[in-house]
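Q: Sequences listed follow chains Y and W, in order.
The numbering used here applies: residue 1 is where the first sequence begins, and numbers increase by one.
The numbering used here applies: residue 1 is where the second sequence begins, and numbers increase by one.
Careful: at least some of the hints might be erroneous.
What the hints assert, rightly or not - As a list, the in silico DSBU-like pairs of lysine-lysine whose alpha-carbon atoms are at most 35 Å apart: (1) Y:K28 x W:K360; (2) Y:K120 x W:K397; (3) W:K230 x W:K183; (4) Y:K180 x W:K397.
What the hints assert, rightly or not - The calculated label-pair distances, taken between Cβ atoms and stated as ranges, are: (5) Y:D210 x W:P269: 35 to 43 Å; (6) Y:E57 x W:N272: 21 to 29 Å; (7) W:S271 x Y:R27: 22 to 30 Å; (8) W:P293 x Y:P91: 46 to 54 Å; (9) W:K268 x Y:A320: 53 to 61 Å; (10) Y:D279 x W:E182: 54 to 62 Å; (11) Y:G95 x W:D265: 56 to 64 Å; (12) Y:S316 x W:G209: 58 to 66 Å; (13) Y:E128 x W:T356: 24 to 32 Å; (14) W:D92 x Y:D210: 48 to 56 Å.
Read the hints as simulated data drawn from the structure, not as lab findings.
The structure displayed is predicted, hence computed values, not measured ones.
Backbone N, C-alpha and C fix where the C-beta goes; we use that ideal spot for every residue, glycine too.
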Amino acid sequence: MQSVVPFPSMNSDLHVVDPKRFRMYLRKPTMGSYFELIVDGDRPAAELRVLMDEAWELVQHLVDRLSAHVPASDVCFINEHAFARPVLVDPDLFGLLQQAAAVCEFTGGAFDVTIGPLVKLWGFFAREGRVPSDAEIEEAMGSVGMGHVELNPAARTVRFHRPGMEINLGAIGKGFVIDKVVAMLRRSGVTCALVNAGGSSIFALGAPPDGSDGWRVGLRPGGTAMERLGVVELRDQAFGTSGDHEQHFVTGGVRYGHILDPRTGRPVCHRMTACSLGDSATRTDALSTALAVMGPEEARRFCVQHGESAVVIDESGEGAPVVEAIRCTIRPVAGPPQTMGLSPLSLDASSRDGKQTRGRHH
Amino acid sequence: MDILEGMGRREFLKSVAAATAALGLGAGVARAQEAAPAAGGAEPLKVGLIGCGGQGNVLLANALRVPDIKIVGVCDIVDARRDETADRAGPDTEKYTEYAEMLEKYPIEAVIIAVPLWKHSEVAIAAFQAGKHVFCEKCMAYTIDECKDMLRAQVQANKVLQIGHHLRYHPLYIHAKRSFIEKGILGDITSVSAQWNRNGPWRREAPQGDYSKWGYPSPEELGNWRLYSKYSGGLMTELGSHQLDAISWMLGKNPTAVCGVGGIDYWKPDSNRVPPEDQRDVPDNVHVIYEYPGGVKVDYQSSTTNAFNIFGSQCCEIFRGTQGTLVMSHLVEGMNLKSAGWLFLEEGVQKQIWMTMAHKVDVYGHEAIHVDATVTEGPKLANQPISTLITAEGDLKKMTYQLEMEEFVISCRTNSIPSCDGMIGMKSAADALLANQAMTSQSRVTFDEGMYAL
Chain Y
1 MQSVVPFPSM NSDLHVVDPK RFRMYLRKPT MGSYFELIVD GDRPAAELRV
51 LMDEAWELVQ HLVDRLSAHV PASDVCFINE HAFARPVLVD PDLFGLLQQA
101 AAVCEFTGGA FDVTIGPLVK LWGFFAREGR VPSDAEIEEA MGSVGMGHVE
151 LNPAARTVRF HRPGMEINLG AIGKGFVIDK VVAMLRRSGV TCALVNAGGS
201 SIFALGAPPD GSDGWRVGLR PGGTAMERLG VVELRDQAFG TSGDHEQHFV
251 TGGVRYGHIL DPRTGRPVCH RMTACSLGDS ATRTDALSTA LAVMGPEEAR
301 RFCVQHGESA VVIDESGEGA PVVEAIRCTI RPVAGPPQTM GLSPLSLDAS
351 SRDGKQTRGR HH
Chain W
1 MDILEGMGRR EFLKSVAAAT AALGLGAGVA RAQEAAPAAG GAEPLKVGLI
51 GCGGQGNVLL ANALRVPDIK IVGVCDIVDA RRDETADRAG PDTEKYTEYA
101 EMLEKYPIEA VIIAVPLWKH SEVAIAAFQA GKHVFCEKCM AYTIDECKDM
151 LRAQVQANKV LQIGHHLRYH PLYIHAKRSF IEKGILGDIT SVSAQWNRNG
201 PWRREAPQGD YSKWGYPSPE ELGNWRLYSK YSGGLMTELG SHQLDAISWM
251 LGKNPTAVCG VGGIDYWKPD SNRVPPEDQR DVPDNVHVIY EYPGGVKVDY
301 QSSTTNAFNI FGSQCCEIFR GTQGTLVMSH LVEGMNLKSA GWLFLEEGVQ
351 KQIWMTMAHK VDVYGHEAIH VDATVTEGPK LANQPISTLI TAEGDLKKMT
401 YQLEMEEFVI SCRTNSIPSC DGMIGMKSAA DALLANQAMT SQSRVTFDEG
451 MYAL
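Build the full structure now, drawing on both the sequences and the hints.
A: This is the structure in C-alpha cells:
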C-alpha cells in the first residue's frame, strides 16, 4: 500500500508563492530511504534556508546516534555494552526507549525494539534474506524481549539482562526524527510544514495555505500506479504506515516479508497495510508496525477497543483490498490535488520502504 | 614569563613530561585504543566541560562513552544550553555560569574547553593556574602569542595540554598516512588540494538574553561568533584548521609560506540574503595556497555558496603524487567513522597484489581503490605495530572524538604527551592564522620557525 500526498512542484527548492510568501523544499537520502521537508512561510528566503539547513543537520545528527547501521551510534554503543554494565543514555534517546517500552506493553509485545537479533538472523539487516532453522530462531528469541531491558529513569541508564540483546529502532526511529524536526520547526515559529521520512512516517504541521483543512495523504495499493483508494486529511497530525510489499524474499516458493513478529520470531504471514494516526509520529510509526504484526482482525479489534485512529487495509483476499477506517475519515478521491497554483506532483509516500528493517543508512 | 624564552620543542617536551618517556607521534593513539575500560579499577578522571555549544556537546557525548572519564560539572554563560548539557551529562552534574567558579570550587582534575576561539587561551591558562589538565578544542588560540601563553602556563603547571585536531585519531586517516603516503604508494607528492565548501549563510540561532558582561554586545555576536573577527578566525580557523592540520601531519612537514585571497562575496551584511543583525566581517569565500618544504604546494578553499563535491561530502583532501592520487573525505558518512577515501593509480603504475583484491569502484573511467582499513590493509601491515588503530573493525565503533578523549585520560593519568599536544596545536593554528594574515595584507606570508620559540 502506498500513500500519496498531492504535492506542489518539487523541482527546485524555493518557490515564490506570492511576493511575501516563500516555500522551501528539501529531499535527502537517509535512513535507508529519504527525508523530505516542505516549509512554507511569510519570512525571508534566507531565514527559511537556515531553517532547512538546521533541520537537515538535526536529521543527520539523530541518524548518526540512532541507527543500528552506524557503528559509532549510541544504539550500537548500547548494544555492545549494556549487558556488561548500565549505560548512561542521552535524555532524548532514553525518552525514546521509554516510549518504545510503553508501545510494547500497550500492544502486548507486537511491537518490540529488541528484535535486533531476529532482524539479523533473517538476513533483513544486510538485506540478504535467509530462512533460519527453528533452533536458531529459538536461540535468538532468548535475546529478544523488552522485559529483559532495564530502564532506570533516576540514573538514566539502560541495561540488558540477557546476553546478545540488540536494540533496533527501525520501526520507531523515523517517527522520532520527524517529531524532533517538527518540534524544532515549531520553536522557530513555523506553522505550515510537511515532514516526511521515507513515505512511511509523516507529520503535517498546520494546513496548506490554499485554504484546505489539512494536508491530504492519498492511499493507494502497494507501490503500484493503481488508483488511490482514498485520502486522509492531516492537520497537526502524524501518520505512520506499515506493510511489506517490497521488502521480502522468496525461498522454496514461500514469501517471507520483512515484518517480524517479536512474539514468534518469524515474519508475519498476512498481507495487509496498517496506518496509524495520532499526535506523535514516534507513536504512529511504532503503532503502525504493531498493527501490521497483529494482522487485520486483531488490528481492527485492538484499535476499536483502545480508541486508536487507524486505517486497516486487508489485502489477503483475491479481490479488491478491504479498507476500514477506525476513528478517522477516508475521503473519496475527488477534485484536483492541492497545487497552490503550481504544477502537481505526487509525493512518493509509501510503506514499501519498510518498518522493521532498513537498508544501510548511507 | 620569559623563563621559557628560546626553549625548543625538545626541552619543552622534557619539561612537560619529566616523569615519563616521551612518546612518538602516533604512539599515544595506539595507547588510546587500550584505554577503555578503566584500568586497574582506578577512579574515573573528574572532568569539567567549559562551553556547552555544538562542539562541547559532541565532546561530551564521546567523553561519556569513556568509562575512565566522569563529567562532574558543566559551564556555559547561556543558562538553557548549560542546563540541557548538564542533563545530558547525567544526574548530579554540577552547573556553573562562570568557569572561574568551577575551577575554584569543584574538585575537578581536568577541563574540556569548547568556548569561542577568542576565549581559548584565557580559559586554558586559568585552568592550568588552577592545576587542571586541559583538553582544548581546535583551533588552539586566537593568536600565536596566545598559543605560547597557553604553553607557558602548561609548563608551569606541569599538566597535560591536548588540542582537538580529531582527524589525527581517525582510523582511515591513520591508515592512509601509514599505508599509502609513508610507504610511497603515491610516489612523490608535490600537490595537495583541499576544500570544505557549504551552501548557506553559516549562521546559528542566537540565544536569548544579555551577554554583554562577557564581551558580547548582542546575542547575535554570541550565537554567531564564528562570523566576527574579534572572536574568530572565520572559515580558516573553524573549518580549515582541521584539514590543514591533517595535511601537515600526513605529509610529515609544515608549511613555509602562504598567500591567498578572501572576501565577503555573497552573504553580505545589509543585503536581503542575511538578517539585519548579521554584521559579519569574516570572509565567506577563502582561497589560499601554502608552500611546503620540497616544493609541495597545497591549495585550500572554503566557500559558503556551493556545496558540490564529486567525492560526496562538503570536504575532501586530495594528495597528488607521481604514482597515484589519494582522496580523503571525512564527512561522507556524517561524523561517524565510515568516512571514505579512494586511491587512484597513475597510468601505467603496476598494481600491488593487495590492490587487486581490494574493493574498487569506477569513477568516470578511473579505477578507485577504496581506502578501507578493514580491506585495503596495504601490504597487510606486516611491519606495523599490532596496536595500530586501523586493523580492527571494532575501532569503527568509536568516533574520532572518543579516541581523542581516551588518549586524553591516559595522558592525564600518566602525565604524558598526547598525540596532538600544544606544540602541534600551535603550528596548526599558525597555518590558519597566517593564511588570514596573508589574505588581509594581500601578501605572501612566511612561516618562521623562530616564531614558535617560547
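Q: Is it true that E128 (chain Y) and T356 (chain W) lie within 24 to 32 Å of each other by Cβ?
A: 25 Å, holds
Q: When you take the CB atoms of S271 (chain W) and R27 (chain Y), is the distance between them in 22 to 30 Å?
A: With Cβ atoms ~28 Å apart, the hint holds.
Q: Holds or violated: K28 (chain Y) and K360 (chain W), Cα atoms, limit 35 Å.
A: 25 Å, holds
Q: Mind checking the hinted window 35 to 43 Å against the Cβ distance between D210 (chain Y) and P269 (chain W)?
A: 36 Å, holds
Q: Can you confirm whether the C-alpha distance between K180 (chain Y) and K397 (chain W) stays at or below 35 Å?
A: Given that 35 Å is the threshold and the Cα spacing comes to 25 Å, the pair holds.
Q: The hint says 56 to 64 Å between G95 (chain Y) and D265 (chain W); measuring C-beta to C-beta, is that right?
A: Given a distance of about 43 Å, which is not inside 56 to 64 Å, the answer is violated.
Q: So the hint says 21 to 29 Å: do the beta-carbon atoms of E57 (chain Y) and N272 (chain W) match that?
A: With a Cβ separation near 24 Å, E57 (chain Y) and N272 (chain W) satisfy 21 to 29 Å, so the hint holds.
Q: Mind checking the alpha carbons of K120 (chain Y) and K397 (chain W) for me, to see if they're no more than 35 Å apart?
A: 18 Å, holds
Q: Holds or violated: the 58 to 66 Å window for the beta-carbon distance between S316 (chain Y) and G209 (chain W)?
A: 59 Å, holds
Q: Verify the CB-CB distance for D92 (chain W) and D210 (chain Y) against the hinted window 48 to 56 Å.
A: Between D92 (chain W) and D210 (chain Y), where Cβ atoms are some 52 Å apart, the hint holds.
Q: I want to verify a distance hint. Is the separation of the beta carbons of D279 (chain Y) and E182 (chain W) within 54 to 62 Å?
A: The hint (54 to 62 Å, Cβ to Cβ) holds, given that D279 (chain Y) and E182 (chain W) are roughly 57 Å apart.
Q: Are P293 (chain W) and P91 (chain Y) spaced within 46 to 54 Å by their CB atoms?
A: 50 Å, holds
The structure is inconsistent with the numbered hints 3, 11, although it conforms to all the rest.
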